Amino acid sequence: MADAGMLRFHVPEPEVRPGGTPDFSNVPIPKAGSVPRPEIDVDPRTIRDHAFSIIRVLNRTGEAVGPWAGLLSSDELLAGLRHMMTLRTFDARMQMAQRQGKTSFYMQHLGEEAVACAFRKALEPGDMNFPTYRQAGLLIADGYPMVTMMNQIYSNEADPLKGRQLPVMYSSKEHGFFSISGNLATQYIQAVGWAMASAISNDSRIAAAWIGDGSTAESDFHSALVFASTYKAPVVLNVVNNQWAISTFQGIARGGSGTFAARGLGFGIPSLRVDGNDYLAVHAVAKWAAERARSNLGPTLVEYVTYRTGAHSSSDDPSAYRPKTESDAWPLGDPIVRLKNHLIALGVWSDERHAQAEAEILDTVIAAQKEAESHGTLHAGGKPSTRDMFEGLYAEMPPHLRRQRQQAGV
Amino acid sequence: MPRRTMIEAIRDAMDVSMGRDDKVVVFGEDVGFFGGVFRCTQGLQSKYGKSRCFDAPINESGIVGSAIGMAAYGLKPCVEIQFADYMYPAYDQLTQEAARLRYRSNGDFTCPIVVRMPTGGGIFGGQTHSQSPEALFTHVSGLKTVVPSNPHDAKGLLIAAIEDPDPVIFLEPKRLYNGPFDGHHDRPVTPWSKHELGEVADGHYTVPLGKAAIRRAGSAITVLAYGTMVYVAQAAVEETGIDAEIIDLRTLLPLDLDTIVASVKKTGRCVIVHEATLTSGFGAELSALVQENCFYHLEAPVARVAGWDTPYPHAQEWDYFPGPARVGRALLETMGA
Numbered sequence: 204m205a206d207a208g209m210l211r212f213h214v215p216e217p218e219v220r221p222g223g224t225p226d227f228s229n230v231p232i233p234k235a236g237s238v239p240r241p242e243i244d245v246d247p248r249t250i251r252d253h254a255f256s257i258i259r260v261l262n263r264t265g266e267a268v269g270p271w272a273g274l275l276s277s278d279e280l281l282a283g284l285r286h287m288m289t290l291r292t293f294d295a296r297m298q299m300a301q302r303q304g305k306t307s308f309y310m311q312h313l314g315e316e317a318v319a320c321a322f323r324k325a326l327e328p329g330d331m332n333f334p335t336y337r338q339a340g341l342l343i344a345d346g347y348p349m350v351t352m353m354n355q356i357y358s359n360e361a362d363p364l365k366g367r368q369l370p371v372m373y374s375s376k377e378h379g380f381f382s383i384s385g386n387l388a389t390q391y392i393q394a395v396g397w398a399m400a401s402a403i404s405n406d407s408r409i410a411a412a413w414i415g416d417g418s419t420a421e422s423d424f425h426s427a428l429v430f431a432s433t434y435k436a437p438v439v440l441n442v443v444n445n446q447w448a449i450s451t452f453q454g455i456a457r458g459g460s461g462t463f464a465a466r467g468l469g470f471g472i473p474s475l476r477v478d479g480n481d482y483l484a485v486h487a488v489a490k491w492a493a494e495r496a497r498s499n500l501g502p503t504l505v506e507y508v509t510y511r512t513g514a515h516s517s518s519d520d521p522s523a524y525r526p527k528t529e530s531d532a533w534p535l536g537d538p539i540v541r542l543k544n545h546l547i548a549l550g551v552w553s554d555e556r557h558a559q560a561e562a563e564i565l566d567t568v569i570a571a572q573k574e575a576e577s578h579g580t581l582h583a584g585g586k587p588s589t590r591d592m593f594e595g596l597y598a599e600m601p602p603h604l605r606r607q608r609q610q611a612g613v
Numbered sequence: 014m015p016r017r018t019m020i021e022a023i024r025d026a027m028d029v030s031m032g033r034d035d036k037v038v039v040f041g042e043d044v045g046f047f048g049g050v051f052r053c054t055q056g057l058q059s060k061y062g063k064s065r066c067f068d069a070p071i072n073e074s075g076i077v078g079s080a081i082g083m084a085a086y087g088l089k090p091c092v093e094i095q096f097a098d099y100m101y102p103a104y105d106q107l108t109q110e111a112a113r114l115r116y117r118s119n120g121d122f123t124c125p126i127v128v129r130m131p132t133g134g135g136i137f138g139g140q141t142h143s144q145s146p147e148a149l150f151t152h153v154s155g156l157k158t159v160v161p162s163n164p165h166d167a168k169g170l171l172i173a174a175i176e177d178p179d180p181v182i183f184l185e186p187k188r189l190y191n192g193p194f195d196g197h198h199d200r201p202v203t204p205w206s207k208h209e210l211g212e213v214a215d216g217h218y219t220v221p222l223g224k225a226a227i228r229r230a231g232s233a234i235t236v237l238a239y240g241t242m243v244y245v246a247q248a249a250v251e252e253t254g255i256d257a258e259i260i261d262l263r264t265l266l267p268l269d270l271d272t273i274v275a276s277v278k279k280t281g282r283c284v285i286v287h288e289a290t291l292t293s294g295f296g297a298e299l300s301a302l303v304q305e306n307c308f309y310h311l312e313a314p315v316a317r318v319a320g321w322d323t324p325y326p327h328a329q330e331w332d333y334f335p336g337p338a339r340v341g342r343a344l345l346e347t348m349g350a
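In the order they appear, the protein sequences are chains S and A.
Note that the working numbering has the first sequence beginning at 204, numbered continuously upward.
Note that the working numbering has the second sequence beginning at 14, numbered continuously upward.
Be careful, since some hints might not be right.
[Unchecked claim] A few chain S residues that face chain A, going by a derived Cβ cut-off under 7 Å, partial list only: (1) K365; (2) G366; (3) S374; (4) K376; (5) Q393; (6) A394; (7) V395; (8) F430; (9) G595; (10) Y597.
Keep in mind the hints are simulated off the structure, nothing from the lab.
Here the structure is a predicted model, which means the values were calculated and not measured.
Here a beta-carbon is modelled for each residue, glycine too, at the ideal position from N, C-alpha and C.
Please build the complete structure, drawing on both the sequences and the hints.
What follows is the structure, given as structure tokens:
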């Protein structure tokens, strides 16, 4: 046996750091339409390649091609475009509001709008998402009032969460949006539990779990895959791979594994990768996975390959750890531009109508913002009461909290 | 009235709850077909089916995390952590998720789960089968923490916990499963079949959370105890001949402060006993509360008798365990004798 010398410690590094030239040549991008669409009751062992490829529908010229195309009407696609544009405008206004000191913190979705907006349209009423902080598209696409979202972001007197939660940690059972914790990965196994409960109750509703590339390293991710595969829970296990976990590139969580989707293979869970910037592909794959869950075929793991164009949060500066132009080099493009071009190719949209829609959406968002601000912002105007801080912890306030509330003079 | 062991009483509580409400589900490691390593869930799977009582993977954060999701759906999971010592992987789910779900969502989602776990030592279980982590739960806003000391209470408290709309940690002193162990490890333990608190009524009843029980009325000194230490305190009181009032707290949070304060104001002296380690233990909270609420009635410093601040040892189990001799010494010292 050859002498291997001293042991060497390995720490993965991204291809490029600030100052370098962005390079995604190591990210193979299959042609749109090239990945087969299996039957939903497929033997997972026969589609292992789907965990390493990328399902894509929209090609470079804006055509929808291949076996995953054709599920959505022009009207549905136009609505999808509007949802993504609304989310982007909403983000821009709220990011600005944070910079103006109207709230403490904000997290935007720039570049990832297609993932949650398209996924929402693959679910039925009553299904439940267990989101991270970067899936507000689920709410926008389901018609949740933007004013209510802003009230939560501002922690004002109309905040449905009474000022108890960080901005963007929304909750809406009515809209199938589980309360966001702010911890990472904890919701993944909870989604599986919700799905198990639905099966125990012989219900027809399914759950969707959400996690980012970085947080797949948490043990809760493993727990969720164990429970989901053991009990064949009716759940869609979503991994949004936006390449960056704050400053840490996805290779630190992924390690030597080929892809995040491949994590599902050892559990016997059908696992697919999809172009996360392709509204049609996201929707088609989500629909396939949801149908499997609803047909008692169990969980599906879906990795959305996308890119976090914006900062992690309002407290983050990506130029410190990645080239400023890296997002321009991202080979899967921008989800809004791609759907816009597709709709233009279909003949149902134009640059003029797009510009007009942008202006209308901006007006709508500004109007919502004005209404929200009439209820206060974090440091000005109406705010939740000190009494709200003590209430709602238990169904019935225990004596020690009542005493503390009295001490606080409320 | 039928007499039951604490194991049978706990099993009966789950049986009654599952029979009354099909939203109650029971799962955990080995709890399904086998009925649990302590047999607390024996027969529940065959009676209620595999959808209502089933085995879980060895994954405590998964057990609690999935229970939280089930509770958010509308079920009422009552899960078992095989030993309290195994709960640490689930601590994140318990403290940051279960405890806060109602609060952070302003009641949009709630978390009516019960997490049962055998607690305490005295069975030569070593470091990983003997711990008493109650203070790690009472320190967390949003949880309730219950420690029964006898079969009658165990059944009534567990049914109350299952029916409670919020998450409840249910710590079962494993040394009490088969009888009221008083710390005299060299003597046989009286079985519950010969103890009046082994009387467990059939059917549904509850013992309310947040209410202590006075196990022995007395006028000279107040002993605050829970779980196994209730019987250790009784033995110490009998052996020292001191007219002590022994309060079995039963629920640590919410705490029955009124009963504690009324007793200490009457006796003017207080000894606190628990098996868990001393430093930052629940006794520290009790001591502070007694001092804050009874200072002008106290005739001696409040004393604490607890496990030493070491890991729970194996061979030295009975040197570690705060038995009747140590409790008796604390009683005599606090009496000024």
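Evaluation of the provided hints:
no., hint, result
1, K365, "holds (5 Å)"
2, G366, "violated (10 Å)"
3, S374, "holds (4 Å)"
4, K376, "holds (5 Å)"
5, Q393, "holds (4 Å)"
6, A394, "holds (6 Å)"
7, V395, "holds (6 Å)"
8, F430, "holds (5 Å)"
9, G595, "holds (5 Å)"
10, Y597, "holds (5 Å)"
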